[in-house]
Amino acid sequence: MEENPRGWIHGDETAKAMLSRILTERPFLFLPPLHRVPLRVGNVVEIAGPSPSAKSQILLHAAVNCILPEEWKGIRFGGLGRMVMYFDLDCRFDVLRLSQILKHRIMEAYRSTNNTYWKEKGEHQKNDAPTTHMYLCDDELFLDCMRRFLYIRCYNSFEFLAALKAMHSHSQRESEALGVSVHFLMIDSIGAFYWMDRACQPMPIGGSKRKNVSLQSLAEAVVQEICKLLQMQPVLVLATKATIFGAGTSGNDAQRLAHDVNLPILRSTSSTRAFGKWCSEGKMDSRTSSREGEKLMYREYMPSSWQSFVTHRVHLQALGL
Amino acid sequence: MAESNEPQAKATASVSSSGNPTSSLSRVSKCPETLEEGKRSFSDDAGFARVQPMIEDWHQPWLNGVELLEDSNHNKHFLPTGYEGIDVLLGGGLCEGQLTEMVGPSSSGKTQVCLYSAALVADKHFGVVMFVDTCNSFSPKRIACIVDQLSSSFSGEAKERRLKRVMSNIFCHSVFDIFALLDVLHQLEFKLKQQVKSGDTKICLLIIDSISSLLTPVLGGKGSEGRLLMVSAGIILKKLANEYNISVLVTNHMVGGEGGILKPALGESWKSIPHVRLQLTRDQGSNICNVSILKHTFMATGRTAKFVIHSRSCSVQDGRGR
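Just so you know, the sequences run in chain order A and B. Take the position in the first sequence, starting the count at 1, then add 288; the result is the number in my numbering. Take the position in the second sequence, starting the count at 1, then add 1025; the result is the number in my numbering.
Chain B extracted, bound-state conformation:
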């Protein structure tokens, strides 16, 4: 019924605030199929019933609590970050379908957590990792180091193969402004819509190291364009996370606030975008980091944990890895 009506009706049924279907009704009645039934007078209900299947294309499907729970149990797994403190704090690790933000002053361990979780997820066959690098922080040598630590019981040949496999499962993109980021995200969404891959070739973790370095140049003053770009990026990230069961991890830096206390950058509008916000701090000269929950969907804020970042001391030959 709706197929032949579609091209015309889509052009006419608008979201104008008049809202009544009679305007779309008059166009629908011009279609050949409905002219045969034109003898019957169209009441509002019948008209709306014809337009309704088209309207259902324009919004997401209706769900109920039971379906949401099933989706959460089957599709939304926890991806371990590799640091036990964080994993225990988050109840398993980074949750697929959620946008996790890590905030911390510089050199507090954010990039290390990103690299470690990328290596671990790629190693354990959870899926493909996409690393969007805005400040040249992606280091293949460090990934090789981590894989070396993980596969310490293997022989040389097996280690090589394992490293190759891990490296081929991590895709790194360098972007240096917000428009390039939006472009990358749109392309990713387009690609995911087309393909129906499953298993360990599907992307499951998207890391954006330092999304704040892309957004702070555009946010400034009272102009609304910067906030528009920030909110658009947030919506695309959450859409990717929800629809394709990806866990998104972004990092943010801190700026000075009132009274000299550091606060997370990106302002008030950003606060309502991530699902989970973690704050990392590291004492000078030690490699023990503190992580505390600033915001979580079901855990109390203020919970803290510690984890240790092992310094890079591993024997990886130069020139290997990508």
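Chain A with its partners taken away, still in its complex shape:
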């Protein structure tokens, strides 16, 4: 140990150096449609909403954004090129939807580069040869991206906990195989086992060394496992939550339009931005003002250990027709 008292007084680095280091190591992420909320690795985002709102869609779009590479064979995709870990507690994930979104993004990127290419050349027709070449590249890129999507299904809280415990070693193995690290941890429907856990009777099993199994202790265990994971491997945690108590608003049961989602942010602890409401389409006019009077009557049902763990909470509400 160094006997250098002066070294203790002079800090390790200045605040400016630390800020620039952190901003490069953990840059802000802007995930559409939450692109006005700067998120960093280490944040825990809870996306809550009634059933027919676009919660799982947001997760899938964020996942596609993550698994696409930054650039591939000269075409810019603008993705992160990292792995996504998806815990499917609801068991409603459909891989066809993910592949649909991924293919759509790839096609869009190809089309836009094709357009700019032909614009530069000054020609207006689209030649077939480069596009077929692109379709051949598609499969390779597509499979490459799909390999970065890690998935596990859980049918009860114990399986979920076991999977969380085993996640770090599994992600290490995959990182070594693919060369990239996990960036997102997605949990579809953190409240999926709420009713089952609530019914767990807190009975003491053989002595006082073991903790009782109850809703609170299971939630604490989950939070603790995710905390340990965040320490060893910083990831951005996105969790959806279905709001199951609520009188709701009249727009709930009506059909929803896929692009028209109202996103008020109710609470954001680390963001300096004041919370407010906005529409993802930018229509900040009469629609939002007419809904000012309606209160969103959804009760929070997750235990307090989870509630205090969440750093950002996003509430979705479907705008009816």
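Simulated from the structure, these hints should not be mistaken for laboratory data. Wrong hints could be hidden among the right ones.
Computed cross-link-like contacts, DSSO-like style, restricted to lysine-lysine with a CA-CA straight-line distance of at most 27 Å [stated by the list, open to error]:
(1) B:1149 with A:391
(2) B:1296 with B:1264
(3) A:391 with B:1320
(4) B:1296 with B:1149
(5) B:1288 with B:1227
(6) B:1184 with B:1166
Using C-beta positions, here's what the derived DEER-type ranges look like [unchecked claim]:
(7) A:427 with B:1086: 17 to 27 Å
(8) B:1243 with A:596: 29 to 39 Å
(9) A:467 with B:1098: 23 to 33 Å
(10) B:1243 with A:403: 50 to 60 Å
(11) A:403 with B:1207: 49 to 59 Å
(12) B:1310 with A:588: 23 to 33 Å
(13) B:1096 with A:500: 54 to 64 Å
(14) A:396 with B:1286: 36 to 46 Å
(15) A:358 with B:1250: 43 to 53 Å
(16) B:1329 with A:320: 24 to 34 Å
Backbone N, C-alpha and C define an ideal beta-carbon position, used for all residues, glycine too.
Position chain B against the provided structure of chain A, taking the given hints into account.
Leaving out everything else, chain B in the frame of chain A:
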């Protein structure tokens, strides 16, 4: 390595929130095999490496996107319902591995769709159909009618044999409360775990006509037991669908909501359980039904289609069929 450790270690490695493996470590070191290696000091990593194979037994296997796609392409086929409107709307029919819910007011055609798809699936050798009947809606005569329509070009003998084969591929259970349903589902899961049948003797379609009539009596007020039973049933159904490549079809009825508009029964908690929700309506006196998508995993909601239910007019002798 793990075999002799298993009985003791399973009892000790708990899911307590302390989470560190040192508690299980001390028990593991008492096993004779590890005493020989006991000279070496157990670090956390080595301990966890020993416990890890056991933990892997406790959760489902890890998959990645490519494996999911392969599974979806090879194992999860579409089962036609027989009504072209619905099949085209759903992109092929009922998807194996998914829980499809049909919602509609009474006499909107839900049971007819169930019976028709049961008959069609049994007829076309897709596999065995299990029909869980909660409101005495299963009608062998109607199945016989449908098979008669399908095999209109056959002679009498061949028709008999075909009908017998179809009937022997449909298993009908009557249940009248939710506990009996959970019992039936658990037994089915147990049976499927034991057997490794493949081909057309494996169950591929599970129909529960009117799961809402089992759940509405227990759901009520603010008690949580009803929702617990509903969510448990949903999880078992989805597990059966995913693991054993079964398509599950359930029906639900409608209740009055705000402003007198009908809405599906079973409340908010049920909304996040099915993969696909379809709403059926039928105009008075006509046999044209409308079906619209309320929720689908990859299609836009709001898409609609029409299909026609043919009235029962067929010549099937009484006393036949089961």
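Going down the list of hints, with the structure as the test:
no.	hint	result
1	B:1149 with A:391	violated, 34 Å
2	B:1296 with B:1264	holds, 17 Å
3	A:391 with B:1320	holds, 22 Å
4	B:1296 with B:1149	violated, 32 Å
5	B:1288 with B:1227	violated, 36 Å
6	B:1184 with B:1166	holds, 14 Å
7	A:427 with B:1086: 17 to 27 Å	holds, 25 Å
8	B:1243 with A:596: 29 to 39 Å	holds, 34 Å
9	A:467 with B:1098: 23 to 33 Å	holds, 27 Å
10	B:1243 with A:403: 50 to 60 Å	holds, 58 Å
11	A:403 with B:1207: 49 to 59 Å	holds, 57 Å
12	B:1310 with A:588: 23 to 33 Å	violated, 49 Å
13	B:1096 with A:500: 54 to 64 Å	violated, 38 Å
14	A:396 with B:1286: 36 to 46 Å	holds, 39 Å
15	A:358 with B:1250: 43 to 53 Å	holds, 52 Å
16	B:1329 with A:320: 24 to 34 Å	holds, 30 Å
In summary, the numbered hints that this structure violates are 1, 4, 5, 12 and 13.
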